[in-house]
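The whole structure should be built from the sequences, with the hints applied where relevant.
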Amino acid sequence: MMREIGIRDIDELYADVPEDLKLKRKLDLPSPLSEYEVERNVESLLNKNRTTYDLPTFLGAGCWPHYVPAVVENIIGRTEFLTSYTPYQPEISQGLLQLLFEYQSMICELTGMDVANSSLYDWASALGEAARMTQRLTGRQEILVPKIIHPDRLATLQSYIQPVNMHVRNIEFDRTTGQMSLEDLEAKISEKTAAVYVENPSYLGFTETNVKEMGRIAHEHDARFIVGVDPISLGVLEAPGEYGADIVIGEGQPLGNSMNFGGPLLGIFACRREPAFIRQMPGRIVGMTTVQNGTRRAYCMILQTREQHIRRHRATSNICSNETLCALSAAVYLALLGPNGLKELGNTIISKSNYAMKRLNEIEGVESPVFSSFHFKEFTVKFDEKRVRDVHRNLLRHNVLGGKDVSKEFPKLGEIALYCVTEIHSKENIDQLIDAVNHILTESS
Amino acid sequence: MGYRQSSWIEPCIFELGHRGRKGHDLPKAERSIIEEVGEVQVPNKIQRRSALELPEMSEVEAVRHFTRLSQMNYSVDLGLYPLGSCTMKYNPKINDKLATSSALTKLHPYQDEETVQGILEILYTLGRWLAEITGTFKVTLQPAAGAQGEFLGALIMRAYHTINGKQNSKTELIIPDSAHGTNPASATMAGFKVLVVPSDKNGSINVEALKTVASKRTAGLMLTNPNTLGFFEENIREIAEIIHEYNGLVYYDGANLNPILGKVRPGDMGFDIVHINIHKTFGTPHGGGGPGAGPIGVSEKLEKFLPVPRIEYDGKRYFLSSKKPHSVGKIRSFYGNVAVLVRAYSYLLSLGAEGLVEAAEVSTLNANYLLKKLAEIGVYEIPYGSERPRKHECVLSVKSLFRKRGIRALDISKRLLDEGIHAPTIYFPTIIDEALMIEPTESFEKEELDRFVEAMRRIAEEAEKNPEKIRTAPHNTSVGRLDEARASHPQTLVPSWRVFKSRI
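Residue numbers (my numbering), protein chains in the order written: chain R, 1 to 445; chain U, 1 to 504.
Just so you have them, the derived chain R footprint on chain U, three or more residues with Cβ under 8 angstroms:
# : region
1 : 11 to 17
2 : 138 to 152
3 : 353 to 366
4 : 411 to 425
5 : 471 to 480
If you are wondering where the hints come from, they were derived from the structure by calculation, not from laboratory data. Just so it is clear, CB atoms sit at the ideal spot from N, CA and C, and this is done for glycine as well.
So, in structure tokens, the structure goes:
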């Protein structure tokens, strides 16, 4: 090949790189390894970790342990999907396009929306994108968000909206129920408000019951209503579209995606079928059409004039690579469960999490949950006499990973942790936790 | 070699299955739990009452449906995928195997640090290696994709100018006309005004024009090097100096890093912020459009602005640190697309320093070989001539075929599909009319490259004898050309099954 192009040394192809810029030494990296050696090396490091299989875990807070059916892993492991890229050439990419259309359609069914995109990075960045979309729609600069929100989500929102001088105002919560305060919402909403944002279930696991009223208040002030969801709850919780949501976002990781130490995740983004909304949506959207002679259905990316590769600096978002493969997992997962499976799963989770709360609450010096509201899969645990940090360090000695310590996030609520229980927690796991907590608290007192 | 793609008439999933069917059983609550808590009711006001019209199908029905769909999808493992600037190289299987190990998939990001020393070590080491490869001081692995890395880079520019008291005067980001669309989009997202600087007659950034555009309002410059025409920006040092003189920052778009790995480093060229597309350069699967990962590396003076938490090492243990008062904060949840990053770690272990240089050189050789062979066909124009060596990719123009035969870049790309070859990137960079942007990567043997050249030669001949066959291509794919106008027209738009049903 070098002869064909008339060179003797490969460096002739780098003749245009200024000599003094060239790296004159070898990169300081290890020497190449055989596949066997690579496997040993990576496995020995990974095996230093203790997984949530070794240690029953009660962690959630934005990344949750759920079972991933073998079929899901098998389908997304197919190299036809895994090693393809964005379906720029629809004729040769119908499989991926149809599957993404099916994903979008299932997200619409879950959320009660009409249009969903084919994924964003995660819930946090989806919130940032949703906020900016409402700013473009309303020309207003303020978003009202619940005071009870994941700090990562809030920080990400800030990063996304500060450049356009948008700002956040917090809405207070009721100290007994945790519910976002309608009075405070009424007091703070104004003609400056682009959007009202609420999460259901909330960051601390309880469900917001006054969501219909929140949507009404938002709309009375011509603000948009954004709802954030854990989609796995939507077999038992009402679709946000039914209570007035204009945009629904959320974290799709629970739908057939492993935790992977927190990434990749799956940003859900869906909205109503209003032309102005659709024009302002971020991200790729796949639509159904036909072949040119109309004889059969086919699928392709639609409304690409919103996107960066066409609209450049006037695009609705800069997103290009997204989380397609995670969206495929979600579609396969939802197809396997179906409506009945998702509902059963919701009820299973509710039973198990309520069992855990009940047993924890029976322990002296422990209150669970802190708020009197209904909780889905996550709930707060308060230690009256002990610091969460100390309890959790001791729990680890009992081979249990406690929930997330959120005491610093909500100092007024005391020593509290956010626990998560899903279908993968057996009664035995939960009892192991209860015994360990009992042991730790009695031992020290 | 012939090609016929599978063409199942596969119903939409909502048309499959049967009421009452289910494809998977998850664990249920134990009887003793139900006895203990009784029936717990969701509050009336938020209980789901609306219908939930998900598919109802058995496991085998689902498997067949999705497997059939997979057969109607072209991928790197099936053949040539020379999509310019996307670096569709081979994705080694060992990396997938390691990254799907339950020792990774079952790790929660908030586990006690003592229980995740292994993964923290992998991520910490990967960050150090990427800093060495890019010639930067410190790397963050947090961005989920290249475009998010760009956005983060632009936020760091803002933070830098803000701390210097210049947030109100540093309002402009300069971007060449040959840049990827994500650059101007990211700059706008970060609140900057975009100024476009033209390319010169050699396909490089026009330095004289840059001098007139740069000013005290310049916050920075975003640049891809080698650029999207495949040329190395020879004047890169002068370009960086022009921007630095105004105290602006120079940002490196890593989309085209592959051909210069171990040869020349962005940090040494004068770049202050560098992004890396893990899914391009380091061989992780593109996943049909993601997940990728877009780490960024920065120079020493910008380290303090990196997002939190940072992964650190005190000589004994690895830990996460969020105590960084100047940090720009967060752009996503947790630490990054870890499952992608672990594949990159494994990729780098396989290749090592020597392998990276070899990958770079072979990808460059392949692009130049293709350029030479395609030029010999005598039908495709070579903008900026064949003299100057390309790096990872080359760009052709089919302007004259369009003029003479009405054959467009789009038609050629469709006809290539009939050969079982994925089309190059088309109509990009936008400064070239009827462009075909071709990036072979190092992953194709000479025979494969020759097959591509032969296909392009056949298409050139066919343009003379039977241009209609090209204009109506593809013929061998699952479906022929689509009615894309109908797909995006407000009256016929079908973005979901729900909307489809409402239209009948």
